[in-house]
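Engineer: Residue numbers (our numbering), protein chains in the order written: chain A, 1125 to 1464; chain B, 6 to 375.
Hints in this document: simulated from the structure, not taken from any laboratory. Quick caveat: nothing in here was measured; it's all calculated off a predicted structure. Using N, Cα and C, we set each Cβ at its ideal position, and we do this for glycine too. Keep in mind that the hints are not guaranteed to be accurate.
Just the calculated beta-carbon pair ranges, DEER-fashion [unchecked claim]:
id, chain 1, residue 1, chain 2, residue 2, range
1, A, Gly1262, B, Ile57, 38 to 46 Å
2, B, Val142, A, Gly1158, 27 to 35 Å
3, A, Ser1200, B, Phe139, 34 to 42 Å
4, B, Ser135, A, Gly1158, 42 to 50 Å
5, A, Leu1282, B, Val345, 32 to 40 Å
6, B, Gly307, A, Gly1412, 49 to 57 Å
7, A, Gly1313, B, Arg34, 37 to 45 Å
8, A, Gly1313, B, Phe115, 40 to 48 Å
9, A, Lys1347, B, Arg108, 40 to 48 Å
No more than 25 Å apart at the CA atoms, straight line, and that leaves these computed lysine to aspartate or glutamate pairs for DMTMM-like [unchecked claim]:
id, chain 1, residue 1, chain 2, residue 2
10, A, Lys1438, B, Glu81
11, A, Lys1434, A, Asp1386
12, A, Lys1203, B, Glu158
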Amino acid sequence: MNTLSKFAVSAAAAALLVANTSTAGTLDDTRAAGELKCGISTGVPGFAFTSDAGDWQGFDPAVCQAVAAAIFGDTSKVKYTTTTGKTRFTALASGEVDMLARNTTWTFSRDTDLKLDFVGVNYYDGQGFMAPADLGVGSAKELDGASVCIQTGTTTELNLADFFRVNGISYEAVPIETNDEARTNYEAGRCDVYTTDASGLAATRSSFDDPSAHVLMPEIISKEPLGPLVRHGDSEWADIVRWTLNALITAEELGVTSENVDKMATGTDNPEINRLLGSEGDLGAMIGLDKAWAWRAIKAVGNYGEIFDKYIGKDTPIGLERGLNAQWTDGGLLYSPPFR
Amino acid sequence: MSAAQKYVPGEHPDLKPPLGQTGLLFWLRTNFFSSTFNVVLTLVTLYFLYLILPPMFNWLFVDSAFVADSRVHCRELGTGACWGFIEKRFGQFTYGFYPLEERWRVNLTFLLFVIATLPVLWDNMPGRRSFLWFSLVFPFVAAWLLLGGFGLETVDTDQFGGFMLTMVIGVTGIVFSLPLGILLALGRQSNLHFIRWLCTGFIEFFRGVPLITLLFVASTMLNYFLPPGTSFDLLLRVLIMVTLFSAAYIAEVVRGGLQAIPKGQHEAADAMGLKYWASMRLVVLPQALKISIPGIVNTFIGLFKDSTLVVIIGLLDPLGIGRASLSDSKWQGLSTEVYVFIALFFFACCFSMSRYSIYLENKLNTGHRN
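So that you can see chain A by itself, here it is in the shape it has in the complex:
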């Protein structure tokens, strides 16, 4: 993050302080506008893309759709704003969007200095390496002197420098702008290695004519917790986004799916399911929504596992394993606080 954009974001935050005194909460504004203003990326395979019919789909827009379903009961009431790596934080800080769901790594400075609030993690990623199999390299530590395709202006660039410095090996960076550009350069052999988030590598690898000719190195050199975020200043709004995401995760843990949610909503033996779906107690009222908010979100987009399987799971061309993103009961990191 350079000085200019830092300045822009703090100016935005200052403007916001003024704005907040005069406007109602984000939830009221969203209700008044009749649509959720959600910032997404301009396209990451599996995570955000346009379908043949021309609407946004993917692992990240699904979070927007879930929030819209919780508020309006209608996944189409989302106004998507495409943001790039450079415009995403200012778009959020200036109020152009009310939440971001776009492959954004939760870091200290983004959470604090940029005055943003990460509300959770919807994908635990990490930076990996991919190289052609016939290069004969089995580990990233053997990459001394290799040319590496790297997206500029991202945390991956910094991680790469750290990793190579720590291991005392040298590399030659081939700077590129987009994933697609990287794919083309890598395929044409202009770099020996491509490094980005492991999910992106898997997606890129799946698009090659012969995926088995490329190997992913075992090293994962960084922590990249990707999650939705909102701006500082409206904790009620942050609660809604946070607990919608938690509802999707909890639903998977409790075995609630988009198919059986109607049946379960009428009441089950499990009190937590009942609280989640609103047949017992009234959790929705505590965040300014009605009883059936979580039911609507799950009904509309499915639970976390369903979303994962639909867009990036094993049966899709992306073919990602659950790995770290499995429920804590299955040895993963997904661990939603209880609905109580």
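Given the coordinates of chain A, assemble chain B onto it according to the supplied hints.
Structural biologist: Quick look at chain B alone, frame taken from chain A:
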């Protein structure tokens, strides 16, 4: 009797050229094989064309799949280009996210755009005068058709995308930057210090800042200078920036034209008793603009292509639509097809602008250059 005596002097018919001085062979020999060096060049070029063209033709047409459901399906059908992808997404590439049932409005706007430009570009058009009135009204009609309101369903500008967005940015920029640029050029030569400084400052500022910086200012910074709570349409901000940017360039091109007009022309106009605006309109500008045509069209073509920069601030022009479409795991990896397709569109637009400029130059050629 010799042939020359058959004719009245001066009406001698043209005789056939001597043998071997005409025809295809002669043309080939003079153009391609006139010297050893040219023979070598021709042969090398032919060899390279032989290397490039057949594979290209195969990729484009022979091995390609024109209808397909996914990239995998395409690969089953052939090893060449996967045009099925473009075919499936053609609507998106053309209209962006414009609602399906409202797309007729975009089509109608385009049709009216052609009707509105014709009288401007073609001065022998029958009934040109009445059509010109329509051209003046057209921007308002177009805005109404595209944005809706007054009986039509409203469509937000964030639904705009694809070629339609490129056309909106390009045409608006071109239409508004030309008059603005001419005014700036005149202002820069004004005798009134204040106006001259204002125009010079404006031109130097916008020419000295990269367009991409202006776009970033439009997309992020501008929000903070405006009163909180006001939302100012992003596309409108971009249109304003693009127009101002290209107006600064047009101003300098036109200034070049103005400076080429001899002082005598100004003095002659003054001697005729023409006031400033009349002398500009009737005497100076027609000549200055004629000289400036290549430069102006050059600026327009540059502006039209620069409109693709908006992808960096998240507007989905054809390149943005392409990126979003390529992220669909069904189609991932077909970037060549997308870029070839978009390149064709831009080439068609820019080439027609360039041809029109040449036509205009020839038509207005009054022989000063020869």
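Engineer: Measuring from beta carbon to beta carbon, are Ser135/B and Gly1158/A in 42 to 50 Å?
Structural biologist: For Gly1158/A against Ser135/B, whose Cβ atoms are near 44 Å apart, the range 42 to 50 Å holds.
Engineer: With the threshold set at 25 Å, check whether the alpha-carbon distance from Lys1203/A to Glu158/B stays at or below it.
Structural biologist: The hint holds at about 17 Å.
Engineer: Given the hinted pair Lys1434/A and Asp1386/A, is their Cα-Cα distance within 25 Å?
Structural biologist: Since the Cα atoms of Lys1434/A and Asp1386/A sit roughly 20 Å apart, the hinted pair holds (cutoff 25 Å).
Engineer: Starting from the hint 38 to 46 Å, judge whether the C-beta atoms of Gly1262/A and Ile57/B obey it.
Structural biologist: 39 Å, holds
Engineer: Lys1438/A and Glu81/B were given as a pair; does the straight-line alpha-carbon distance stay at or below 25 Å?
Structural biologist: 22 Å, holds
Engineer: Falls inside 37 to 45 Å, the C-beta gap from Gly1313/A to Arg34/B?
Structural biologist: Since Gly1313/A and Arg34/B have Cβ atoms about 44 Å apart, the given range 37 to 45 Å holds.
Engineer: Gly1313/A and Phe115/B, beta-carbon distance inside 40 to 48 Å?
Structural biologist: Given about 43 Å between the Cβ atoms, the range holds.
Engineer: Is the gap between the beta carbons of Val142/B and Gly1158/A within 27 to 35 Å?
Structural biologist: 33 Å, holds
Engineer: Take a look at whether the Cβ-Cβ distance between Ser1200/A and Phe139/B falls inside 34 to 42 Å.
Structural biologist: Since Ser1200/A and Phe139/B have Cβ atoms about 38 Å apart, the given range 34 to 42 Å holds.
Engineer: Okay, Gly307/B versus Gly1412/A on CB: inside 49 to 57 Å?
Structural biologist: With Cβ atoms ~51 Å apart, the hint holds.
Engineer: Is the hinted range of 40 to 48 Å satisfied by the C-beta distance from Lys1347/A to Arg108/B?
Structural biologist: Holds, at about 45 Å.
Engineer: Please test the hint of 32 to 40 Å on the beta carbon pair from Leu1282/A and Val345/B.
Structural biologist: 36 Å, holds
In terms of the numbered hints stated before, the structure departs from none.
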